[in-house]
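Participant: This is what each chain is made of:
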Amino acid sequence: MATQDITPSEPSRLATIWSRVAGNKTFFVGLVLFVVILFAALFAPLISTHDPLKIDFGAKLVAPGSEHWFGTDELGRDLYSRVVYGTRTSLMIGVVVTLLAVAIGAPIGLIAGYEGGRLGFWLMRFTDVFIAFPPLLLPIAITAALGQGLYEAMLALSISAFPWYSRIVYSEAQRVSKSLYVQSARASGFSHFRILTKHMLPNCWTPAITQASMDFGYTILAAASLSFIGIGAKEPDIEWGLMVATSRTKFLDYWWVAMVPGLAILVTVFALNLLGDGVRDLLDPKGDSK
Amino acid sequence: MKSYVAKRLGTMVLILIGVLVMTFVISRVLPGSPVEMYLGSRPSAEAVERVTREMGLDRPIYVQFVRYLGEVVQGDFGISLMTKRPVLTEISERFPATLELVLCSVLLVVLVGVPLGVVAALRQNGIVDVVARSVSAFGVAIPTFLIAMMLQLFFAGQLRLLPLQGRIDDLVLLDYEFPHVTGLYLFDSAIAGEWVAFGSAAAHLVMPTLALSLSALALIVRITRTMMIEALGEEFVTTLRAYGLSSARVNFRYVLKAALIPLLTVVGMTFGYLLGTSVVAEYVFDWPGIGGFIVRAITKSDYPSVMAITMLLATAYLLITFLVDMLHFAVDPRLRH
Numbered sequence: 001m002a003t004q005d006i007t008p009s010e011p012s013r014l015a016t017i018w019s020r021v022a023g024n025k026t027f028f029v030g031l032v033l034f035v036v037i038l039f040a041a042l043f044a045p046l047i048s049t050h051d052p053l054k055i056d057f058g059a060k061l062v063a064p065g066s067e068h069w070f071g072t073d074e075l076g077r078d079l080y081s082r083v084v085y086g087t088r089t090s091l092m093i094g095v096v097v098t099l100l101a102v103a104i105g106a107p108i109g110l111i112a113g114y115e116g117g118r119l120g121f122w123l124m125r126f127t128d129v130f131i132a133f134p135p136l137l138l139p140i141a142i143t144a145a146l147g148q149g150l151y152e153a154m155l156a157l158s159i160s161a162f163p164w165y166s167r168i169v170y171s172e173a174q175r176v177s178k179s180l181y182v183q184s185a186r187a188s189g190f191s192h193f194r195i196l197t198k199h200m201l202p203n204c205w206t207p208a209i210t211q212a213s214m215d216f217g218y219t220i221l222a223a224a225s226l227s228f229i230g231i232g233a234k235e236p237d238i239e240w241g242l243m244v245a246t247s248r249t250k251f252l253d254y255w256w257v258a259m260v261p262g263l264a265i266l267v268t269v270f271a272l273n274l275l276g277d278g279v280r281d282l283l284d285p286k287g288d289s290k
Numbered sequence: 001m002k003s004y005v006a007k008r009l010g011t012m013v014l015i016l017i018g019v020l021v022m023t024f025v026i027s028r029v030l031p032g033s034p035v036e037m038y039l040g041s042r043p044s045a046e047a048v049e050r051v052t053r054e055m056g057l058d059r060p061i062y063v064q065f066v067r068y069l070g071e072v073v074q075g076d077f078g079i080s081l082m083t084k085r086p087v088l089t090e091i092s093e094r095f096p097a098t099l100e101l102v103l104c105s106v107l108l109v110v111l112v113g114v115p116l117g118v119v120a121a122l123r124q125n126g127i128v129d130v131v132a133r134s135v136s137a138f139g140v141a142i143p144t145f146l147i148a149m150m151l152q153l154f155f156a157g158q159l160r161l162l163p164l165q166g167r168i169d170d171l172v173l174l175d176y177e178f179p180h181v182t183g184l185y186l187f188d189s190a191i192a193g194e195w196v197a198f199g200s201a202a203a204h205l206v207m208p209t210l211a212l213s214l215s216a217l218a219l220i221v222r223i224t225r226t227m228m229i230e231a232l233g234e235e236f237v238t239t240l241r242a243y244g245l246s247s248a249r250v251n252f253r254y255v256l257k258a259a260l261i262p263l264l265t266v267v268g269m270t271f272g273y274l275l276g277t278s279v280v281a282e283y284v285f286d287w288p289g290i291g292g293f294i295v296r297a298i299t300k301s302d303y304p305s306v307m308a309i310t311m312l313l314a315t316a317y318l319l320i321t322f323l324v325d326m327l328h329f330a331v332d333p334r335l336r337h
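Protein chains in written order, with my numbering: chain U, 1 to 290; chain B, 1 to 337.
Hints listed in this document are in silico derivations from the structure and should not be mistaken for laboratory results. Do not rely on the hints blindly, as some may be mistaken.
Unchecked claim - Output of the computed footprint for chain U on chain B, the stretches with three or more beta carbons under 8 Å from beta carbons of chain U:
1. 19 to 28
2. 60 to 73
3. 130 to 141
4. 146 to 152
5. 266 to 276
Backbone N, C-alpha and C define an ideal beta-carbon position, used for all residues, glycine too.
Given the sequences, and given the hints that come with them, work out the whole structure.
Facilitator: In structure tokens:
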């Protein structure tokens, strides 16, 4: 039976992880907040009070109250429901962008570190070019080329983020490729593909995962910024940065229109950062904890 | 030393060429061909053919690239489709505004962030440390546009203390004219002795600077604190303490020095980081710099401007990184071995 295959050390390992999680206050807070946000995203139709897209000019710019918990925007749409649905967009952005960035970046770093030499040099110089741009600028230029929209912005963010994963995996791969087991695998005539996937990758990806968990919040922040300046999400996408942007002409008199979605971003990114720091502490206990 | 500089310089030139290739590629995969953009909708077939030849778009791609390189080297970035003026003119008129904002932010970030980080590290879990850690956790998570709008809501909307947006009061600019020597209003108005204009420029700078600085400040505090703690744990600190040096002397004469050298790199990075995020801050405050310009250029499909600004900022970013590396090399004797 499959359950009997579990080694005896497994429960104790889980227990260690659990004791570390419970002992790490910031991670715990981040985890709780994240679970709440995840819950909102998964069960948005159940916990929202109104249709997030329903326009009601009879109820525009209503202040937060018992009917509309977070108030309504200039089209009379319920902000609470829009914030709840917005969790889906933001989490989707974070997951897709990060996965895509890792999927592009990690193989480059892996191959560069494994092969080294001229190929490694040029692969890494190639990634350097993408890092030569100040933050946000490359996504802006790429979005200008691809066209403006949520998916274009996501692709642009992935293209700007992948070199960091290449770099991280590269430095690991360089170290691992010199190790005895990789050397002997090479000597035994294993295929490059097999060595890369079976021997190198499992020993290289911990720092990449750490980085990914720490970048998650930043990705959502950057995507919101792109939507805010008008080159990311477009109506009728329900995206927090876009919601803040459309409130700009009204927010001095109706503060909630801007502050509600803005604070949603703040809380989400805050939670994800705590979570990311926690993941780093768990995976890499040697790293600085603050 | 020489070989290190040469190597670093070589890498930089390589990357710069890469950046040029990239902007070239981006400008060639744009939606809609440059010809159509130039001629407007429904051009005649002859006009398309003529302009295609004039723009060199009928030549092989590598010929086009060489031509593009030549133009860039001569500072010819084409004509802005939005304003019908040379892109270089547009940029050079706007860059001082961006530079002024970014410089003020760098000053704020370094003068507040570094001391805060140092004190936080020296008195871990003390009040300053708690404040510093809260500021950095908050600052990293808050979007620049949100803090910008919060400031506007409070200081311009509620208190009516600061101007909502813009760089200077237009009437002040007319009444108290000052020569634009550097393009930095604070500096220009001060050397001209026009203190009313100086006051207006300063008041307009407060909110954009604060908004732009916060996330960088958060990062600097965090990094300074970590580096300081690392330096405090070095063996030489124990040795110096064992020699009986006062802890103030150890902390400020030796530990700070060890921590500050790597911080140089971080300050350089901050500069580049702020150049990037200034786009958002300029947009919110209607700041007449290149950040706000690039946003409008994108929405108006003014691609020559977008590409030129991207390229120039990337070049500036590369140069800053290079200079900081050189400085780092010059002050840290360990790197010379």
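Participant: Name the hints, by number, that the structure is in violation of.
Facilitator: Per hint list: single violation, 2.
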